[in-house]
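Residues per chain, in single letters:
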Amino acid sequence: MELNILWFWIIAAMFIGYFVLDGFDFGVGMSLPFLGRDDTDRRVLINTIGPVWDLNETWVIVAGASLFAAFPEWYATMFSGFYLALLLILLALIVRGVSFEYRHQRPESEWKKWFDGMIVVGSAVPALLWGVAFANVVQGVQLDAGHNYTGSFFDLLNPYALVGGLTTLLLFFTHGIVFVSLKTEGDIRERARKLAVRSGLVTIVVAASFLLWTVLAFGSLFTAVFAALAAVALIGSFLLNLKGSEGWAFTLMAATIGLAVLTLFASLFPDVMPASNDTANSLTIANASSTPYTLQVMSWTALIAAPVIFLYQGWTYWVLRKRVSRGTIEAAAH
Amino acid sequence: MNEWLDPLLLSRWQFGLTTVYHFLFVPLTIGLALTVAIFQSAWVRTDKAKYLQLTHFFGKIFLINFAMGVVTGIVQEFQFGMNWSTYSRFVGDVFGAPLAFEGIVAFFLEATFVGLWIFGWDRLPRGLHLATIWLTTVGSIASAYFILAANAFMQNPIAFRINEARGRAELTDIGELLTNPIALASFPHTIFACFMVSSGLIISVAAWHLYRKQHADTMRPALKFGMWMMVISGALTTFFGDSLSLAMTAAQPMKMAAAEAMYKTATGADASFSIFTLGTPDGVSELFSVRIPYLLSFLSTHTLDGTVEGINNLQAQYVGLYGPGDYTPTIWITYWAFRWMIGLGIAHILVAVVGLWLTRGGRTPAAAWVWKVAIWSFPFSLASMSVGWIFTEMGRQPWLVFGLLKTESGVSPNVSGLEILISLIAFTLIYGVLAVVEFRLILRAVRQGPEDAPVPDPLTGETPQRVTVY
Chain A
8 MELNILWFWI IAAMFIGYFV LDGFDFGVGM SLPFLGRDDT DRRVLINTIG
58 PVWDLNETWV IVAGASLFAA FPEWYATMFS GFYLALLLIL LALIVRGVSF
108 EYRHQRPESE WKKWFDGMIV VGSAVPALLW GVAFANVVQG VQLDAGHNYT
158 GSFFDLLNPY ALVGGLTTLL LFFTHGIVFV SLKTEGDIRE RARKLAVRSG
208 LVTIVVAASF LLWTVLAFGS LFTAVFAALA AVALIGSFLL NLKGSEGWAF
258 TLMAATIGLA VLTLFASLFP DVMPASNDTA NSLTIANASS TPYTLQVMSW
308 TALIAAPVIF LYQGWTYWVL RKRVSRGTIE AAAH
Chain B
46 MNEWLDPLLL SRWQFGLTTV YHFLFVPLTI GLALTVAIFQ SAWVRTDKAK
96 YLQLTHFFGK IFLINFAMGV VTGIVQEFQF GMNWSTYSRF VGDVFGAPLA
146 FEGIVAFFLE ATFVGLWIFG WDRLPRGLHL ATIWLTTVGS IASAYFILAA
196 NAFMQNPIAF RINEARGRAE LTDIGELLTN PIALASFPHT IFACFMVSSG
246 LIISVAAWHL YRKQHADTMR PALKFGMWMM VISGALTTFF GDSLSLAMTA
296 AQPMKMAAAE AMYKTATGAD ASFSIFTLGT PDGVSELFSV RIPYLLSFLS
346 THTLDGTVEG INNLQAQYVG LYGPGDYTPT IWITYWAFRW MIGLGIAHIL
396 VAVVGLWLTR GGRTPAAAWV WKVAIWSFPF SLASMSVGWI FTEMGRQPWL
446 VFGLLKTESG VSPNVSGLEI LISLIAFTLI YGVLAVVEFR LILRAVRQGP
496 EDAPVPDPLT GETPQRVTVY
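From first to last, the protein sequence lines are chains A and B.
In short: position in the first sequence from 1, add 7, done, that's the numbering used here.
In short: position in the second sequence from 1, add 45, done, that's the numbering used here.
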């Protein structure tokens, strides 16, 4: 296999890492108005991700930088083309991150209310817009001969992309709620499980439509297999949540997100950014990638670093495995 | 088109604004991570409560600041593609790799272990918990190395070849790229300057409390530590600053000539360093200046009879090399930024030196002005750092990648001035508000002072463990 093909899948893996991990952060953030009945509840929710949101968010920095290094043309076309969408994502990530860290710095409820609001918006906006962005990449956008995007921000808000955005929004929402049921104790855990049933139903309908649309419009046999597996995992997660197996429900939710991302990347292959106006202007794995030498250097680095990263990040989650309860928050307040 | 909607101008302002802003938080993150790690190590070794108090106290300031560094950092990485897509296409094969290494090797380490450090007090054994703050420190320092290696390519492009057919620079040797002489000098120069910034903070905070005659049990050792760290890292910053100016003279003689606003080539005593110039620093009219003969020759070549090329000479050379055009940076910025960097740097090193003398052998200076001066250490050190960064980036102009790509050629061709104006306004507003919030939170944490040390339970004799919740 050529290295640029390998890196196409490594980039996919990095975005899977990002969406699976920061995905539940987004979901937890969006769940504040649904599950947080009082300040202690909201603190329980925030503390399920308090120690890890930063590490999870770092996945997008790594994915972005790796995209830059392995596929400079793809990075340049996508990031300049989706300028305003990415601006909104950046602004959302800024207010979300700051809110996690600053909310608890002062006791006043007025202060906390501000940051609660920003956590919700800062989580919902990227959850929606990442789906819109990737759906547009799969669908293809207008590119000139220099691979520059020639459409406008509003061209990105087409029906397929909006369904894509809604899909990631709902997937991350449900993913986050299942995570809450896995990471909390007491009443909130039960409420999260019940909410996950309701949001799960909506998620199944929307995600299945999006996956079907993707397969029919842009897919191959390969794509169909991933999409089918994603649907099976999503339904499986729903049923396991009904049964009360939180751990497995969460695992299958993560698998759903991973398989959905694979569906999108499989639909793209061997393009990375198809031009909807003229296929001659499309960016492909071949014409968007770096030189074999750079990819070789990157491959060695990734090969050496990956096991270490998996080990210490996995260990971190293990250290922080204890569930959060109202008791945890109240005890620490003294 | 309306000149206010010039995408190049707006993109430059946005990059300048967001970079300078981001770099207000980064030095403090790097310096305070190390400081906190040292205090916590002292506590683990000696079991003295004051070191634990200092760990928590400076740890809190570290974390308030850390959050800002993280969220403003993502903007930096996205901006290359968003605003400078032509640049990204041109250099991605070379420049992308150190950026990716920064994420894979450094950011993951930093972001993972800082979370464990914050929440790990009651979940990890003491020694292991101490390791988490050290790994955070290692991650933050490693990230500085990779980003400076990437920046060094823009200052002194090496380890590449130009692929004419693809219209891009391609990496030829990763080892050479990562050992760029500019990076080897700018990395220690920057890192020790980061330690100066954190020392500046410690001195300011400790002096403020001691001036008010409070928390002497923790703030006095903190002050001593800060001053020693300032003197040591100040000396090393100066030393590596000298190495950097030598390497920079070789790579970008224009930048060093612009630092001195020296239009005509000069040798020996004439290659003097002006400490202060009254009049317009455009070389046309000079009313008054204080000059140190030979110093510029020494700084640039490490000899007293060296020749330092002047701007006019270099401009003519570059026209011959790169075609017609203006190859001179904005002189008043480079001239004054260079002086403010050095002047402020020396000023707060001196504050620390004098402070060490005044506090020797347990003495406490009574004069109020001594403390009032010491409190300015932090703003001085941060300002010195900031203008140093402005100098090195503005001194590279008009180039984006020296000799290869001009700034005006690197901008995204398809992003409109209006879009960039929107983002520039959005970043300015949100950064402005956050600066106020962050500054107030840090002031509040500073005013509160260190928390009392945990008292052992009278029945069990056990000291309660700290539990962090958000």
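Keep in mind the hints are simulated off the structure, nothing from the lab.
Keep in mind that the hints are not guaranteed to be accurate.
[As the list claims (entries may be wrong)] Straight-line alpha carbon distances no greater than 27 angstroms define the calculated BS3-like cross-link-like pairs of lysine-lysine that follow:
| hint | chain 1 | residue 1 | chain 2 | residue 2 |
| --- | --- | --- | --- | --- |
| 1 | B | 105 | A | 329 |
| 2 | B | 269 | A | 119 |
| 3 | B | 269 | B | 258 |
Right, here's what the structure says about each hint:
1. 105(B) x 329(A): With Cα atoms ~24 angstroms apart, residue 105(B) and residue 329(A) stay inside 27 angstroms; holds.
2. 269(B) x 119(A): violated (38 angstroms)
3. 269(B) x 258(B): Judged against 27 angstroms, a Cα distance of about 16 angstroms means the pair holds.
When each numbered hint is compared with the structure, a violation occurs for hint 2 only.
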